[in-house]
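Protein chains: 2
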Amino acid sequence: MAKQGLLIVISGPSGAGKGTVCRALLDQNPELVLSVSKTTRQPRAGEMDGVNYFFVNQKEFAESIKKEDFFEYARVYGEFYGTPRGAAEKMLSAGRDVILEIDPQGALQVKEAFPAGVLIFLLPPSGAELRSRIINRGTESAENLGQRLSAAADEVSLAHRYDYIVVNDRVEDARDRIVAIIRAESSSVARNTDLIQAITEEVKA
Amino acid sequence: MAKQGLLIVISGPSGAGKGTVCRALLDQNPELVLSVSKTTRQPRAGEMDGVNYFFVNQKEFAESIKKEDFFEYARVYGEFYGTPRGAAEKMLSAGRDVILEIDPQGALQVKEAFPAGVLIFLLPPSGAELRSRIINRGTESAENLGQRLSAAADEVSLAHRYDYIVVNDRVEDARDRIVAIIRAESSSVARNTDLIQAITEEVKA
Numbered sequence: 002m003a004k005q006g007l008l009i010v011i012s013g014p015s016g017a018g019k020g021t022v023c024r025a026l027l028d029q030n031p032e033l034v035l036s037v038s039k040t041t042r043q044p045r046a047g048e049m050d051g052v053n054y055f056f057v058n059q060k061e062f063a064e065s066i067k068k069e070d071f072f073e074y075a076r077v078y079g080e081f082y083g084t085p086r087g088a089a090e091k092m093l094s095a096g097r098d099v100i101l102e103i104d105p106q107g108a109l110q111v112k113e114a115f116p117a118g119v120l121i122f123l124l125p126p127s128g129a130e131l132r133s134r135i136i137n138r139g140t141e142s143a144e145n146l147g148q149r150l151s152a153a154a155d156e157v158s159l160a161h162r163y164d165y166i167v168v169n170d171r172v173e174d175a176r177d178r179i180v181a182i183i184r185a186e187s188s189s190v191a192r193n194t195d196l197i198q199a200i201t202e203e204v205k206a
Numbered sequence: 002m003a004k005q006g007l008l009i010v011i012s013g014p015s016g017a018g019k020g021t022v023c024r025a026l027l028d029q030n031p032e033l034v035l036s037v038s039k040t041t042r043q044p045r046a047g048e049m050d051g052v053n054y055f056f057v058n059q060k061e062f063a064e065s066i067k068k069e070d071f072f073e074y075a076r077v078y079g080e081f082y083g084t085p086r087g088a089a090e091k092m093l094s095a096g097r098d099v100i101l102e103i104d105p106q107g108a109l110q111v112k113e114a115f116p117a118g119v120l121i122f123l124l125p126p127s128g129a130e131l132r133s134r135i136i137n138r139g140t141e142s143a144e145n146l147g148q149r150l151s152a153a154a155d156e157v158s159l160a161h162r163y164d165y166i167v168v169n170d171r172v173e174d175a176r177d178r179i180v181a182i183i184r185a186e187s188s189s190v191a192r193n194t195d196l197i198q199a200i201t202e203e204v205k206a
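In the order they appear, the protein sequences are chains A and B. Numbering-wise, this note's numbering puts 68 at position 67 of the first sequence, and it's gapless, one number per residue. Numbering-wise, this note's numbering puts 194 at position 193 of the second sequence, and it's gapless, one number per residue.
Accuracy of the hints is not assured; some may be wrong.
Chain copies aren't distinguished; within one or between two, either way the pair holds.
To be verified - Straight-line Cα separation of at most 30 Å, DSS-like style, residue types lysine-lysine; simulated pairs:
| no. | residue 1 | residue 2 |
| --- | --- | --- |
| 1 | Lys91 | Lys205 |
| 2 | Lys112 | Lys4 |
| 3 | Lys112 | Lys67 |
| 4 | Lys67 | Lys39 |
| 5 | Lys112 | Lys68 |
| 6 | Lys67 | Lys205 |
| 7 | Lys60 | Lys4 |
| 8 | Lys205 | Lys60 |
| 9 | Lys112 | Lys39 |
| 10 | Lys68 | Lys205 |
| 11 | Lys39 | Lys205 |
| 12 | Lys205 | Lys112 |
| 13 | Lys112 | Lys91 |
| 14 | Lys39 | Lys60 |
| 15 | Lys4 | Lys68 |
Just so you know, the hints here were simulated from the structure itself, not pulled from any lab data.
The shape of chain A in the complex, shown without the other chains:
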C-alpha cells in the first residue's frame, strides 16, 4: 500500500500572494497535485473548465453538497464555491501530496473536516506592505477601505490556528520554505509509525 499523501492547505489574507506562490510551487514540483475548486459562477475570459475551476450549475453543486463531497463550500455574491473532497482523497490514497489554495476561513473548515491537513499561512513581509497592497488595489471610499483593512487584520489573526507561517517576501523563498515544510511533515513520527514497527521487528528477527 502506498504511503498516504499530505494535504497541504495554503492560505492567507488577500494581498498575501497565495496564487503566485502556489504557481511557483507547482511549476517547480510537478509531482504535487493542485485541487481544483467547483463553482457555479460563469467562466471569465481565458478561464478553462477543470483548470481554473470546475464550472457546474446550481443543481450539480447541490448534489455535491448532498453527497458530502466538499471539504468546505461558501456562497459569495450569490455564487457557490466549494473544495471537492473525493478527488483529493483519491490522490492522497495513491500517495500523492495535494495542494489546496483557499481563503483563511475555508482553510480552517478544511482542518476540521480533515485534521491531518497541514495548514500554511502566507503573510506579507509587514503590515505596512499589506496595507499598501490593499490601498493600491481599488478606488474605494475611505469607509470601504477601513472595512477592508479591518477584515484583513481579522484574517491575519486567524494565523494563530494554523500550523506554519511563511512570510512571502520573495516568491522563491516562500516556495522553498513550503517545500521544506512538506519534506519535514512527511518525516513526522506520526506518518512513519509503520516504518518504526517494521525496523524494530526486523532487527529482532
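Add chain B to chain A, keeping to what the hints say.
Relative to chain A, chain B alone:
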C-alpha cells in the same frame, strides 16, 4: 530581541550513522552550533579539548551536576558524560540553532528538561542493514550479539516518542532532510506568534 534559536537533537541507535550525518550537516551549515559534551574519561589519541569533548575531572563534573548545568548526564563504564545546558541556552538566546548528537535515552531526557527541543531519530534504511552493521562491528560471542540486537530493537522502538524520523540511506539525503526540518520548525506558528501579532496591529493602525 533576537528570535530564540532551535534546539535540535539528533539521535538514533548505534549503527544509524549519527556522527557522519552531524558532520555533513555542520560542514554545510556553519551557522549551526554543535553542543560539546563534558566527560571525565581521558582523551584518546587525536581528541581535542573543547572539540570532541570538554575533558574535566570528577570534581568539576560533580559541580556541574550540582549547578544543574546538564540537560542530562549518564555514567558509562565508570566514566561520566553530560550535555551542558548553560552554553546551549546562551546560544539559543542569541538566536543560534544548536545541535545535540546523543543516544536515544539521553535525547528523551533532553526533551523532558527542554520541551521545545526538536527530536530527530535517525534510522538505518532497514532492520537487515542495522543487523549487519552491528554484526560486522565486533567479534562478539553469539550471546553478546543477541543482547546487542535486542538493545538496538529497544532503541528503535523509542522512536515513537520523537518528533521526526529520518532514514539515513545516503548521508546527503539525510542531511538535506534535517535542514528541511529545521526550516519548517522555524516556521511553526508557535515560534511566530509575535510576528502574527505585530502584523495584525500594523494593518489596523
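Against the structure, the hints come out as follows:
no., hint, verdict
1, Lys91 with Lys205, "neither (36 Å within a copy, 42 Å between copies)"
2, Lys112 with Lys4, "both (20 Å within a copy, 28 Å between copies)"
3, Lys112 with Lys67, "within (20 Å within a copy, 47 Å between copies)"
4, Lys67 with Lys39, "within (14 Å within a copy, 65 Å between copies)"
5, Lys112 with Lys68, "within (19 Å within a copy, 45 Å between copies)"
6, Lys67 with Lys205, "neither (51 Å within a copy, 40 Å between copies)"
7, Lys60 with Lys4, "neither (36 Å within a copy, 52 Å between copies)"
8, Lys205 with Lys60, "neither (59 Å within a copy, 41 Å between copies)"
9, Lys112 with Lys39, "within (19 Å within a copy, 45 Å between copies)"
10, Lys68 with Lys205, "neither (47 Å within a copy, 41 Å between copies)"
11, Lys39 with Lys205, "neither (51 Å within a copy, 33 Å between copies)"
12, Lys205 with Lys112, "between (39 Å within a copy, 27 Å between copies)"
13, Lys112 with Lys91, "within (18 Å within a copy, 37 Å between copies)"
14, Lys39 with Lys60, "within (12 Å within a copy, 71 Å between copies)"
15, Lys4 with Lys68, "within (27 Å within a copy, 47 Å between copies)"
Going down the numbered hints, you'll see the structure goes against 1, 6, 7, 8, 10, 11, while the others check out.
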